[in-house]
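> All chains should be built: construct the whole structure from the sequences, respecting the hints.
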Amino acid sequence: MTDTRPESPASLDALFAQALGEQPAQGAPVLRPVPPQVSPASLPQSVVPVPDTSAPTTLPVGHEVLAELRSRASMKIGEAAGADASMSEEDRRQRGQSIIVQVVSEWATKYAASGQDLTPQQERAVREAVFDELFRAGRLQPLLDDSHVENIIIYGDKVRVDYADRPTRTWDPIAKTDRDLISLINHLARMQGQGERALTPATPNLNLRLADGSRLAASAYVTPRPSIVIRRHRTRGQGLDDLVRWGTIDASLAHFLRAAVKGRKNIIVVGSQGVGKTSLLRAMAREIPSKERVGTLESEYELYLHEDPDGPEVVAYEGRESNGERGPDGKLQGELTLSDLFPQLLRMSLRRVIVGEVRSKEVVPMLHAMNEGEGGSMATLHARSPQLSIERLATLCLEAGIGMTEALAYRLIAQAVDFVVYVRLVDETELVGPDGQHGRKHRFVSHVMEITGIGEGGRPSHQMVFAPREQDGRREPRAVPHGNISQTCLDDLVRAGLDRSVLQRPWGSWGAPLETVVPL
1 MTDTRPESPA
11 SLDALFAQAL
21 GEQPAQGAPV
31 LRPVPPQVSP
41 ASLPQSVVPV
51 PDTSAPTTLP
61 VGHEVLAELR
71 SRASMKIGEA
81 AGADASMSEE
91 DRRQRGQSII
101 VQVVSEWATK
111 YAASGQDLTP
121 QQERAVREAV
131 FDELFRAGRL
141 QPLLDDSHVE
151 NIIIYGDKVR
161 VDYADRPTRT
171 WDPIAKTDRD
181 LISLINHLAR
191 MQGQGERALT
201 PATPNLNLRL
211 ADGSRLAASA
221 YVTPRPSIVI
231 RRHRTRGQGL
241 DDLVRWGTID
251 ASLAHFLRAA
261 VKGRKNIIVV
271 GSQGVGKTSL
281 LRAMAREIPS
291 KERVGTLESE
301 YELYLHEDPD
311 GPEVVAYEGR
321 ESNGERGPDG
331 KLQGELTLSD
341 LFPQLLRMSL
351 RRVIVGEVRS
361 KEVVPMLHAM
371 NEGEGGSMAT
381 LHARSPQLSI
391 ERLATLCLEA
401 GIGMTEALAY
411 RLIAQAVDFV
421 VYVRLVDETE
431 LVGPDGQHGR
441 KHRFVSHVME
451 ITGIGEGGRP
461 SHQMVFAPRE
471 QDGRREPRAV
481 PHGNISQTCL
491 DDLVRAGLDR
501 SVLQRPWGSW
511 GAPLETVVPL
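So that you can map any letter, position 425 of the sequence shown is 425 in UniProt numbering, and since no number is skipped, the others follow by simple counting.
Just so you know, these hints were derived from the structure itself, not from any lab.
These figures come from a predicted structure and were not determined experimentally.
Wrong hints could be hidden among the right ones.
Unchecked claim - Here are the simulated DSS-like cross-link-like pairs (lysine-lysine), alpha carbons at most 27 Å apart as the crow flies:
(1) Lys441 x Lys158
(2) Lys176 x Lys110
(3) Lys176 x Lys158
(4) Lys76 x Lys110
(5) Lys291 x Lys262
(6) Lys361 x Lys331
(7) Lys76 x Lys176
Put into structure tokens, the structure is as follows:
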């Protein structure tokens, strides 16, 4: 059998799938994808599950040997760094690479003397594994290097990997023991240089971003076994046109959203976890004129607008976790929440504010910023439907602990938010079509809802500009024949470049003449 995973130059899995034909050495760990169980009765008649044909991939050595090689190399690297105080981190990595080559070469010679020769590919893979252990993410690195991986979920020795284009798979342990796993996570935290973040009994929860932009959340000491979730951002530089090519939106909706951003409308992107809210928010933010000054507020950087040379001028703020100690006032020392950072952010002469994800009491200053500024601010929010996003925002306002009433929360929402854009995920990776290919995860915008003011009972009134069509849930216009959008908002969008005909166009019809277009 052959490995069906895409090859990656930095992937040990891809390397050994090619290089090894023999059985793994005694005690060597095997990374073995385990296909999930799918009930044929639950699938359409035209779609049947197929067995996972991936071959197991191996390293010629186990955890113990890699740990010993890492220890030898680490000692020599430390000695080299101690002898040269001016050595930069880049110099240290380069020196470390040459030391690792030397250490592994000496070990491989002794290994061959025992009658177990290594191929050049195997020796190179061991070198890469030791380098990953010291300077990268260890046995996590091949998964982080795989562009098809979306989520890595670890609970002790249980590892599950979610892909964009194939079924979820189970992998062998990332670390030999729970203690080693916690050490690996703390190693990653140190490498990122994000303050004093660490997974300890005093700080049993850890959240950080990795070098590739992935977001890691970990818990230990308060759970039976260490629990880690790594959410990878497979794309970072995309715009609305890229989302059109991927099927997340169509050209008509891209045109509408572009006008909404340029027309300075306040937008909340809503959906469940992992549906692509951040990707859509990032793409819309890239439509902000380059001369504008924008502030971003995130618990961990995920938007990376401050790294976009063609984007607006960005002041990027990132939250900070505490070191686990509490001061005389009972507050966690060193912690900076998004609500702590918001007042300073608003002093930065900004024209817009973008909040990566609204989770807590930062909702109140965000809504005030939307309400008091020029408009054009954006954020993401977890909610199961566009309508429930209103209730979710109101609940967060009430939980902020500032004595806000329900009526005031609803009024603030109605005055602040212009549009709610709902993103939906349909996962077909467990299904295989007649061509033998696995399905994919389909992420697309199904609703655009306008908040039109204060309605019955003091709650925000709303109407659907676009809502799901029956056949596949993708958006269709609810603007036939007169345009289901308030006139004042429509006038603003037209001044920002909106072609009114998009409000009549079904999915994918941009550029084609409409048979009947009723003027708005």
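> Checking against the hints above, which ones are violated?
Violated: none.
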